[in-house]
Structure formats: C-alpha cells, structure tokens
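Engineer: These are the residues of each chain, in order.
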Amino acid sequence: MASGEKAYYIGTDMNCGGACLLKVYVRDGVITRMETDDGEEPQLRNCLRCRAYRQRVYAPDRLLYPMKRVGERGEGKFERISWDEALETVASEYKRVKETYGPAAVVYLTNGGDMGQVHNTRTIVRVFSLAGGCTLMWGIASNEGWMFACQATYGYPAGVDHRDVINSKLAILWGQNPAVIIDGCGSSFALAKAKEAGTKFIVVDPRYTDTAALVADRWIPIRPATDTAALIAMAYVIITEDLHDKRFLDTYTFGFDRFQGYVLGEEDGVPKTPAWAEGITSIPAQTIAELAREYATTKPAALLPSKAPGRTAYGEQFHRAAFTLAAMTGNIGIHGGSPGCEITQRGTTPLPMGSAMKTGGNPVDAGSPRRRDALPTAISKGPGLVARLHNSEVMDAILKGKAGGYHSDYKMVYTANVNYLNQYPNVNKAVRALQSLEFIAIQEQFITSTAKFADILLPTCTFFERSDAVWGAGPHLAYQRKVIEPLGESRSHLDICMALAKKLGIDNYNDKPEEEWLEQIMAPAVTDYERFKETGVEKFYSEPSVPFKNEIADPANYPFPTPSGKIEIYSQQIAAIETPLLPAIPKYIEPWESVNDPLAEKYPLQLITTHFKRRAHTQFDNIPWLRELELQAVKLNPQDAEPRGIKGGDLVRVFNDRGEIVIPAEVTQRIIPGVVDVPQGAWYDPDERGVDRGGCANVLTKDKRSPGGAMPSNSGLVQVEKA
Amino acid sequence: MVRTREGKVPPVATLQGRSELAGSRARIYRTLSITYARPADEHLVELLRPWGTLETELPQGALPEIMKRGLRKIWIWLERCGSQPSEELLTALVAEFTWLFRGLNRFHSPPPPYESVYLDEGLVYGASTERVIQRYRRFRLKGQNNEPPDHIALELDFMRFLCEREALAWQTEGGGQDLLKEEDAFLSEHLARWAPAFCENIRMSDTTGFYDGLADVTEGWICCDQMIIEGLTEL
Numbered sequence: 077m078a079s080g081e082k083a084y085y086i087g088t089d090m091n092c093g094g095a096c097l098l099k100v101y102v103r104d105g106v107i108t109r110m111e112t113d114d115g116e117e118p119q120l121r122n123c124l125r126c127r128a129y130r131q132r133v134y135a136p137d138r139l140l141y142p143m144k145r146v147g148e149r150g151e152g153k154f155e156r157i158s159w160d161e162a163l164e165t166v167a168s169e170y171k172r173v174k175e176t177y178g179p180a181a182v183v184y185l186t187n188g189g190d191m192g193q194v195h196n197t198r199t200i201v202r203v204f205s206l207a208g209g210c211t212l213m214w215g216i217a218s219n220e221g222w223m224f225a226c227q228a229t230y231g232y233p234a235g236v237d238h239r240d241v242i243n244s245k246l247a248i249l250w251g252q253n254p255a256v257i258i259d260g261c262g263s264s265f266a267l268a269k270a271k272e273a274g275t276k277f278i279v280v281d282p283r284y285t286d287t288a289a290l291v292a293d294r295w296i297p298i299r300p301a302t303d304t305a306a307l308i309a310m311a312y313v314i315i316t317e318d319l320h321d322k323r324f325l326d327t328y329t330f331g332f333d334r335f336q337g338y339v340l341g342e343e344d345g346v347p348k349t350p351a352w353a354e355g356i357t358s359i360p361a362q363t364i365a366e367l368a369r370e371y372a373t374t375k376p377a378a379l380l381p382s383k384a385p386g387r388t389a390y391g392e393q394f395h396r397a398a399f400t401l402a403a404m405t406g407n408i409g410i411h412g413g414s415p416g417c418e419i420t421q422r423g424t425t426p427l428p429m430g431s432a433m434k435t436g437g438n439p440v441d442a443g444s445p446r447r448r449d450a451l452p453t454a455i456s457k458g459p460g461l462v463a464r465l466h467n468s469e470v471m472d473a474i475l476k477g478k479a480g481g482y483h484s485d486y487k488m489v490y491t492a493n494v495n496y497l498n499q500y501p502n503v504n505k506a507v508r509a510l511q512s513l514e515f516i517a518i519q520e521q522f523i524t525s526t527a528k529f530a531d532i533l534l535p536t537c538t539f540f541e542r543s544d545a546v547w548g549a550g551p552h553l554a555y556q557r558k559v560i561e562p563l564g565e566s567r568s569h570l571d572i573c574m575a576l577a578k579k580l581g582i583d584n585y586n587d588k589p590e591e592e593w594l595e596q597i598m599a600p601a602v603t604d605y606e607r608f609k610e611t612g613v614e615k616f617y618s619e620p621s622v623p624f625k626n627e628i629a630d631p632a633n634y635p636f637p638t639p640s641g642k643i644e645i646y647s648q649q650i651a652a653i654e655t656p657l658l659p660a661i662p663k664y665i666e667p668w669e670s671v672n673d674p675l676a677e678k679y680p681l682q683l684i685t686t687h688f689k690r691r692a693h694t695q696f697d698n699i700p701w702l703r704e705l706e707l708q709a710v711k712l713n714p715q716d717a718e719p720r721g722i723k724g725g726d727l728v729r730v731f732n733d734r735g736e737i738v739i740p741a742e743v744t745q746r747i748i749p750g751v752v753d754v755p756q757g758a759w760y761d762p763d764e765r766g767v768d769r770g771g772c773a774n775v776l777t778k779d780k781r782s783p784g785g786a787m788p789s790n791s792g793l794v795q796v797e798k799a
Numbered sequence: 261m262v263r264t265r266e267g268k269v270p271p272v273a274t275l276q277g278r279s280e281l282a283g284s285r286a287r288i289y290r291t292l293s294i295t296y297a298r299p300a301d302e303h304l305v306e307l308l309r310p311w312g313t314l315e316t317e318l319p320q321g322a323l324p325e326i327m328k329r330g331l332r333k334i335w336i337w338l339e340r341c342g343s344q345p346s347e348e349l350l351t352a353l354v355a356e357f358t359w360l361f362r363g364l365n366r367f368h369s370p371p372p373p374y375e376s377v378y379l380d381e382g383l384v385y386g387a388s389t390e391r392v393i394q395r396y397r398r399f400r401l402k403g404q405n406n407e408p409p410d411h412i413a414l415e416l417d418f419m420r421f422l423c424e425r426e427a428l429a430w431q432t433e434g435g436g437q438d439l440l441k442e443e444d445a446f447l448s449e450h451l452a453r454w455a456p457a458f459c460e461n462i463r464m465s466d467t468t469g470f471y472d473g474l475a476d477v478t479e480g481w482i483c484c485d486q487m488i489i490e491g492l493t494e495l
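Chains as they are written, first to last, in the numbering used here: chain A, 77 to 799; chain B, 261 to 495.
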C-alpha cells in the first residue's frame, strides 16, 4: 500500500442483488484504486461492474450541480443554478400542480437504482406523502408476475439459497443466468461447486448462456414466452405416468384435481401432451417427456425458474405452473429442493433489522379504491389500489389521463433511482408522454436518457460520498462507509429530501441524522455494530436456508398464509377476481406477439431483452472500461443472419411498429433461430430522424401489462435488416 | 509540446517595464479565468473591453496569429451585441457554456475542462490533479470546496496569481526570476500540455462563435506567454 493510503471495505448497492464487498483505497480524500474482498472465505467478490466503479465516481460526465433546462425539453441544454433555486422551483411546481389538478396529478417514478437502507426511494415517497400525496407506481419490473404467483399460491414470496444447490441431485436452471446477473454474491460460484460435487444441471433457455457454459450438462433451447406450455406438458407426463407425489399433494396442496383435469384435456378437449407443447415451444416432445421423468424421479431436484420467462405476456402463469410442478414432485421445504422459485434470497431471509424511515401514508393512496384484479393480500395492499399506475401503463396514463379511464390526469413527474424512459416499454411513446407534461424534476448522477427531459436536475452523490448499509440477495449485510466528500454540489438522497421537505413547508420530515438511522436499523441485525462498521460486513454462514421449511415440517402449526392454509394450485383468491385471463389454475395462454400472431408476417423474429454483463440495467453503460468488453449488439442465429445478408459486425436495423434501433449485429449459434436478443439497459440515443443509435431495447417493446402485473419485456416481435 | 516560433519576442529591459508587463499578463489571465469559471453575464462587454488594446500592452510582435484570429472572432461577436448583449444572446451563451464546459454527455458534448480528464484516462481527481494540488500548496493556496483544482479556470487563475506576485517582485524584492521559473514550469508541465486539445474541442463544438474565438485566444495566449517568459529569462 502506498504511503498515506487507507483501505476500507464497502458494500455495493446495485439492484443486481450482489451487495458485494469492494476494498477501496483512499489517500488525501481521493479514491486511488479499488479491489475486492480479500478476507475470510466465503469471499464476497465483486464482478467487473463494481470493479470499474472508480471510473464512475470520477466520471467526467457526472452530474455535479443542480441544473435548469434552457431550450426545448429533451434537447439536453441546461444551465447551472443553485440548490436553493432548484428546490424552490420543484416545491412551487408541486404546490401549483397539486392545487390546480390535485395531488394525484404528480407522479413519482422510481426503481432500484440505489438499494441502501437509509438513502433509498422511501425518502422521496415520504416527502410527497407529507406534502399532500402523489401517484405511485405498482408492479415490480423484475418480477411482478412471480410476486403475483407467490401470493396466490404460497401466500408469500420465497427464494432458493444458492448454498443449498449443492444438495440437489438435479438442478434445472430455467432461464436463470447467475453468471451474468449475480442476484446473490457468489451464486454462480455456488453452482460451480455444486457441479463439482455431482449435481446435474439442465439449462432451459433460448440462449446458451454463460451459466450454461459454466455448469450445464444439457441445454434445452426453447422459444421465448412458451415456457408455461413446456411445464404443463411436463405435468401431463408426470400425471399419466403416475410419477407425482400423491402424499405430498394430499397433505399440502389445494385444488390439484382441477389442474389435473385441465392438463388431461377434460376441460377444453385438448390434452396437454408433449406433442402439443412441441408445436408451441419447439422443444421435441421426446425431450419434454425425458425432462419430466428425470425431474419427477430424481430426489431431491431443484426446479429454478428465473424471473425472465415470467416477464412475458401471461408470465404469471409460468410461475404458477412451476410451483405446481414443484408440489407434484414433493420438492418443497427440503434441502436440495426448490418450491419452483429461482436462486435468490432477497426479501426471503428474515433479518431483525430495526425500523427504517416510514413513508408517512400517501393521501392519494388513502383515497383510492382497490383494483378489481388485485389479489387481496397484505403485500398487494398498496399496489392493489386503483390510484397506482402499473409500470407499463404510466406513459399511456400520462397521455390519456381520465379520458383514457385512468384515475387522474397527470401533469408532473419526479424521478429518482431510475432511468425510466429507458427501461420501460415503448420509448417513443414515453418521449411523447414526457413532452406533454407541465413539469419534470429528476434526481440523478448522470444526465441519462431520461434526465435529458428534465426541467430541473438534482445531483445525487455516489455511495462512497455518504454512509448507508445494504442487504443484497445473499446471506450477508454490508456497511457503506462514507470515504470521500460529495463531489461538486452533489448530495445524498436524505439531504436532498430534507431540503426539499423544508421548501414544501414540512416540519416533521426527519429528526435523525444519517448515522442515527443506520444504528437504529442495523444494530439489531448484527452481532456487533461497531465491528460491523469497521469491517464493513456481517456474514451469515450457518445452514443454507430452505424456503417453506416450517410449513412442510409442521403444517398444523405453520399453515401457508392462503385461504385454505395450503399450497393453492387452484387459487381461491384468483378465482374471486373472475377474469378469464387470470385462471384460477395455471394455464397456458397464447401470448400476444408470439409466432402465431398475424403480426409475425411483418415482424417474424421474437425479441428477448436480456441482462447484459457489463451493465447493471442502465448503470455503467457510460463507463469506458466496461464498454471495451462487448459492443451493444443484437444477437442472432446464422440461420436468420444469412438470408438477410448479415455478417457479424454489420450495422443492422431492428424495428417494428413501435420504433427502430440501429446497432451492430453479433451472429452466434448461442441463440436459437427465430429469436433475437437486444440486451436491455443501453442508453436511448436518438439521431435527427428519431432512430435510436444507442440500442435501447425498449424502443421495441410493447407497453401492455400482463393481467397479473408482469412486465412483458420478453414478449415482442421485430424484423432485422442490414442498415 | 511544440512551440511555434513566430519571431523572437524582444526582451523588456527595465524592472518597471517588466513589472508592468507582468501586470498586463496577470489581467489577461484573469479575464480568461473568469470566462471559463462561469457563464457570461451582462458585464461581458466591459470584461473584454481591455482586449481591444492588448497589442499595445505586450512586447512588439508578441501576439501570435492564432490569438489575433481569436480576438477578431470575439470582436465580430461583440459587434453583434452592441453596447449591451441582449437577453436572448446571453441565454444562448449560458446554454452553450453549460454544454461546452459541464461535460453533460460523454458521447456528444466535449469533456469538462479538467487537466486530469485530458491527461489521466478521462477521469477527474487523477494523478495530474494531485500534482497541481502540490504546486498550489507551495504558495499556500487551496482549491475551492469540492471543485477539482485542475479546472481550466483555476489553473488560469493560478497563473494570474503568479504574475501578480511577479509584478510586485520586480518592484520590491529586486527580481521576479524565481516566479518566472515557476510560471514557466506550470505552463510547460500543466496548462500547455492539455490546453491545445481542450481548445480544439471547443472550436469543434461551439455554435455561438464566441467560444470559438475564446479558444483561439486561450491557446494563442498560452503559447505567447511561454515565449514572453523565455524572452524575459534570457536576459
């Protein structure tokens, strides 16, 4: 270590779920370099993204001063103003819009850009709640379909501990790609260890992913958005060959008979055979049958369906079917099994943290009835309100307002922790919506594709410039010590919100400094708070957790929190909603923009929008080291490239009725014919003709939500042509 | 860094002359520093007025062609203003300033004017920043709060500081040679290493004509001042 350099261990807070540990060297108030956890095993080592974080802290394009728009909205022309003027403007615009149109006319858009315990999106929700209210979103972009399915089937969400996969004889990774997405620091390392110890891995995915390359004994390619059909056909084989665990089904589940009837074709005259599924999924019937038998007869076996196949039209059915298969094979509540959920521990391992800042109750929510198609569960309480806008419908709502059947007209948008324009479906429509608003204020670290549309920009600092704590998707907690002063005039979320609250005339916004909040929240959850701050981490490395262990071991005392107290294959709560596209049992419903859609004549290729190795969604897209690794390119199979005269590296147009992007092509066998992959998160960058040259996948996606709330980013059709 | 020799600068012999020259040079640095520190305001015309007689304040033939070109571009622009720039013109300047000097967009706007961004892998607070801090420290100067000290406005202001000290030194301590050495070192090790690339970026991106001219003046002045210093130290 150079003289005067001090090293600190700092947890990272991307919403990749890692919360991995950086080792940060600081000298004279400047971060000189970053390494990673070099402490006791198991180490929480960062991937390439956070290793490049120094390039982000000291990026030349960081937003360091409050800005005000000059020129047309979206032009990207700003002038620097003081914090006082910026906050005064935001406060007075909020008041004006509230008084003229009502508080519901103010929409707060957010996501997981910063996952700290103190400096997170709640700080902003509290400001608006105390100021009079605002319209909030519902629908977790990552996994709302899964969330819906969990609530309906099990009563609450759960995930598989990656440390438990070593106990599985067979693990089926259905669309999950931990080698790229992380979602639990050390998840792909755990898979590698499991493979070494003898676990057999089958990967079901339209692509031969990095995870497949790492562990797969077999790769089963599948058409996107057809996964439910494959699972249901597997159920057919398991039922007709009498391989299901009847004792488990009788003891722990409710409504299996209804599902069985549907699968056998008693309901609609169509037996859901492997041959039936072959036509839909393009997986050979024989393969489906083999997979079913193997899954049903290997014990314990872990079916690990990722959220990606659930981010499709009717994606909630995929998760419902996976849970049902897990129940049919009795793999729930045991080591080495899986309740049909993916590897993740986010929100699933209860930790006795102290209470965090409360949002204070949003008046707009308080005045709102429930949606007819919302599940009546505790988790759905807020999201189930009519006043909330689904993440895929926000822009339509802004454009149409009450005339379009929405709860309110919408005139103002405030965003933090999200690059909204970039990451939600139908960017061109979103641009029109943002242009129609009266006022837009954005909290950001960079002038992103969304931030370009701001009227007021508020600079947020990075996590090295304030203190916080993070809990990722793995069994550890990390401390984030502030190691440098905020650059320029950037501020933490809490500081921004305290100042904004003052401008809004709120006097009870916050009574605790950051350090006090941290101690209140974190001290109860760690063994020694001072040591936690010193070392930067608390690792929980006892037994791997097993979801629903208690419910299976002791059903009398631990019923599932469902109406029947059991795993509801037939969900009574869904049945009560009475919507044909939300069947009470898992069903395959033909998705929109599938290969059978008439649109396929014009746009014959199915689009998937996968996670990209060198980004965490849109974060890091502008970081040079990471940009060197891989071009933002559309991946397509040689069978689709050749007839189009496309070679690797050629610039191509990817387009449909919603928009057009122009990016290089990568021709590869690692994706099946008929499917193209535009990795999500590249920053939208339109040229003079409105054609996106950045490669933003959501220029192409459809802004229509699945009935259960899934965001269908993997259901879409496009055409590709040489540019 | 190659200095274009446009003819040797005649030396200034008297102490009084050198002191006045240092004062003129300090004022030029000061004006430049202000134009990069913040967007133009209604005092712009006043601020630039002294540049009308620049040629008379400097040794004969000292002004390089590029600087003359830059001054001409600025005069043309000022003529359009009249005696007072309009609200519209100022707003356009403010927008341009932010676009050119705040690094708003990595791929479309010029990099922000920090030495470290130009010389150390495109990041702020790089190794160059550290060296600049060391130089300031020798004169017990600190940067501004939270602003990297290698911003062009601050580096130009440091040159102003040195020139003012030098002006005083010729009158009192009997010699400004040490300060001339310091100025020469700062220019050759810092400002002159990155200013040309910075100025080229401004010329390529500016749409007002004003900052285009300013870039010419900046690049020309740094070169010119290096030659003036060379002339003075040869004595």
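Treat the hints as calculated values from the structure; they're not laboratory data. Cβ coordinates follow ideal geometry from the N, Cα and C atoms, glycine included. Hints are supplied without guarantee of correctness; some may be wrong.
Calculated cross-link-like contacts (lysine to any residue; reagent style SDA-like; alpha-carbon spacing at most 20 Å) [stated by the list, open to error]:
| # | chain 1 | residue 1 | chain 2 | residue 2 |
| --- | --- | --- | --- | --- |
| 1 | A | Lys144 | B | Ala352 |
| 2 | A | Lys153 | B | Phe357 |
| 3 | B | Lys402 | A | Lys375 |
| 4 | A | Lys153 | B | Lys402 |
| 5 | A | Lys144 | B | Lys402 |
| 6 | A | Lys245 | A | Lys144 |
Some chain B residues flagged as far from chain A (calculated, every beta-carbon gap over 10 Å) [to be verified]:
| # | residue |
| --- | --- |
| 7 | Leu383 |
| 8 | Ile393 |
| 9 | Phe446 |
Facing chain A, from chain B, some residues (calculated, C-beta under 10 Å) [what the hints assert, rightly or not]:
| # | residue |
| --- | --- |
| 10 | Pro310 |
| 11 | Trp311 |
| 12 | Gly312 |
| 13 | Thr313 |
| 14 | Arg362 |
| 15 | Gly363 |
| 16 | His368 |
| 17 | Val384 |
| 18 | Arg398 |
| 19 | Gly491 |
Engineer: Each hint: holds or not?
Structural biologist: Verification of the supplied hints:
| no. | hint | in the structure |
| --- | --- | --- |
| 1 | A:Lys144 to B:Ala352 | 14 Å, holds |
| 2 | A:Lys153 to B:Phe357 | 10 Å, holds |
| 3 | B:Lys402 to A:Lys375 | 69 Å, violated |
| 4 | A:Lys153 to B:Lys402 | 32 Å, violated |
| 5 | A:Lys144 to B:Lys402 | 30 Å, violated |
| 6 | A:Lys245 to A:Lys144 | 59 Å, violated |
| 7 | Leu383 | 4 Å, violated |
| 8 | Ile393 | 8 Å, violated |
| 9 | Phe446 | 20 Å, holds |
| 10 | Pro310 | 27 Å, violated |
| 11 | Trp311 | 25 Å, violated |
| 12 | Gly312 | 29 Å, violated |
| 13 | Thr313 | 32 Å, violated |
| 14 | Arg362 | 7 Å, holds |
| 15 | Gly363 | 5 Å, holds |
| 16 | His368 | 8 Å, holds |
| 17 | Val384 | 5 Å, holds |
| 18 | Arg398 | 16 Å, violated |
| 19 | Gly491 | 36 Å, violated |
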